Amino acid sequence: MKKDVTIQEDAELQDLAEITPWVREGFARIEGPSARVLAAIHQEAVEQARRRPLRIRFFFALRLSAAAAVLLLLSGLVFNVWRSRGQDQHQQVVQLLNLTVKNPIVENLGSATPSDLPELLLTMQGLDRESYFNASDGTEALWL
Amino acid sequence: MKEEITDTSPSDAELLGRYAQGEVGCLDQLVERYRRQLFTWFVGMTGSRSDAEDLFQDLWIRVIRNADRFKDVSFRAWMWQIARNLLIDFRRKKKCDISLDEVSDEEDHPLLETLVAKGPTPQQGVERTDLALKAMQAVGQLPAVQREVFLMRVEGDLPFQEIAKILKVPLNTALGRMHDATTRLKQMLKEMR
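Top to bottom, those sequences are chains S and W. The opening position of the first sequence corresponds to residue 16 in our numbering, with each subsequent residue numbered one higher. The opening position of the second sequence corresponds to residue 1135 in our numbering, with each subsequent residue numbered one higher.
None of these hints come from the bench; they were simulated from the model. As the structure is a prediction and not an experimental result, all values here were calculated from the model. Take the hints with a grain of salt, since some may be wrong.
As the list claims (entries may be wrong) - Here are a few chain S residues that sit away from chain W, every Cβ distance over 12 Å (derived from the structure):
1. T35
2. P129
3. T138
Stated by the list, open to error - For each label pair, taking beta carbons as the anchor points, the in silico distance ranges come out as:
4. W:I1195 <-> S:A83: 31 to 41 Å
5. W:A1211 <-> S:P36: 45 to 55 Å
6. W:K1302 <-> S:L89: 24 to 34 Å
7. S:E62 <-> W:K1205: 21 to 31 Å
8. W:A1211 <-> S:A81: 26 to 36 Å
9. S:E33 <-> W:S1143: 24 to 34 Å
10. S:E62 <-> W:P1293: 31 to 41 Å
What the hints assert, rightly or not - Chain S stretches covered by chain W per the calculated footprint, using a threshold of three residues with CB under 8 Å from any CB of chain W:
11. 86–96
12. 99–110
Glycine included, every Cβ here is placed at the ideal spot set by N, Cα and C.
Assemble the whole structure, with the sequences as input and the hints as a guide.
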């Protein structure tokens, strides 16, 4: 349970001033810490100070290697993207070439003579000589 | 007599910074600056000289190992915070998970009585020595929560705002504990005389 404490400052300070010297005198009798403890602390301080540059160098090397690893990863990623794009382009060219090569008209081109060319051109357009020159809809009147 | 730090002497943070740069002597200066306050506080709180020595050593080892990471405004508050955490851990180990704040008056046995104090010097009257020892015993009989505030104020010279911050309690709580400790000590000393 909480108690209501009325602190009277003057009385408080007076009490404290009365008690404090005795307490301080009592505690002043405590010698220490021992020289062994102080020496151990000093030794630890020396050890840590000696290790600190090594630690700094280690962490620097660690950061450097981490940065190098990230850089390597990124360059690998960029190279991969670049290569996959190149492969796509290559595949497109190959597909186009395949299409071209598989076309019977183009295949026949090698054996065609100059006189065959008009025929070939019509074939490529999906026409033939007969239907082109002899239209089925008859002769159209050329005058009104 | 209390050691006073003059304005010309380097600040705690400066000394720690210089130690972090490799000047071991600066750490020795820091240890010397707080040696008495901290050791007395540990003795007062544990009642055992050897435990106080262990805690004192652990405290400085923590300070040394974290010197690079120290970015706090107040070194003193940081150091006292470590001291208190060490004490809480120590008490947990000794009292099976009882936190310093949870220790009740009944559970808190005075350990200071076991402390071997130095005998009176020829200059000191026997009566005076006796009173100083009684004052120490009386402090040892205070509940831990009151004792830590009392010793932080009287031996550590810490302002109440800082004590409240270290203990993570409102300022009024710290003041209240100090008031209770003073009242109790006065009463106990009256009975002892």
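Hint-by-hint comparison with the structure:
1. T35: 5 Å, violated
2. P129: About 88 Å separates S:P129 from the closest Cβ of chain W, which puts it past 12 Å; holds.
3. T138: Answer for S:T138: holds, closest chain W Cβ roughly 84 Å.
4. W:I1195 <-> S:A83: 31 to 41 Å: 35 Å, holds
5. W:A1211 <-> S:P36: 45 to 55 Å: Once the Cβ atoms are compared, 27 Å apart, the range 45 to 55 Å for S:P36 and W:A1211 is violated.
6. W:K1302 <-> S:L89: 24 to 34 Å: 46 Å, violated
7. S:E62 <-> W:K1205: 21 to 31 Å: 23 Å, holds
8. W:A1211 <-> S:A81: 26 to 36 Å: Given range 26 to 36 Å: holds, Cβ gap about 35 Å.
9. S:E33 <-> W:S1143: 24 to 34 Å: Holds, since S:E33 and W:S1143 (Cβ atoms, about 32 Å apart) stay within the stated range.
10. S:E62 <-> W:P1293: 31 to 41 Å: At roughly 35 Å between Cβ atoms, W:P1293 and S:E62 fall inside 31 to 41 Å, so the hint holds.
11. 86–96: With 0 residues in contact (Cβ-Cβ under 8 Å with chain W), the coverage given for the region 86–96 of chain S is violated.
12. 99–110: Violated: only 0 residues of the region 99–110 of chain S have a Cβ under 8 Å from chain W.
The structure is inconsistent with the numbered hints 1, 5, 6, 11 and 12, although it conforms to all the rest.
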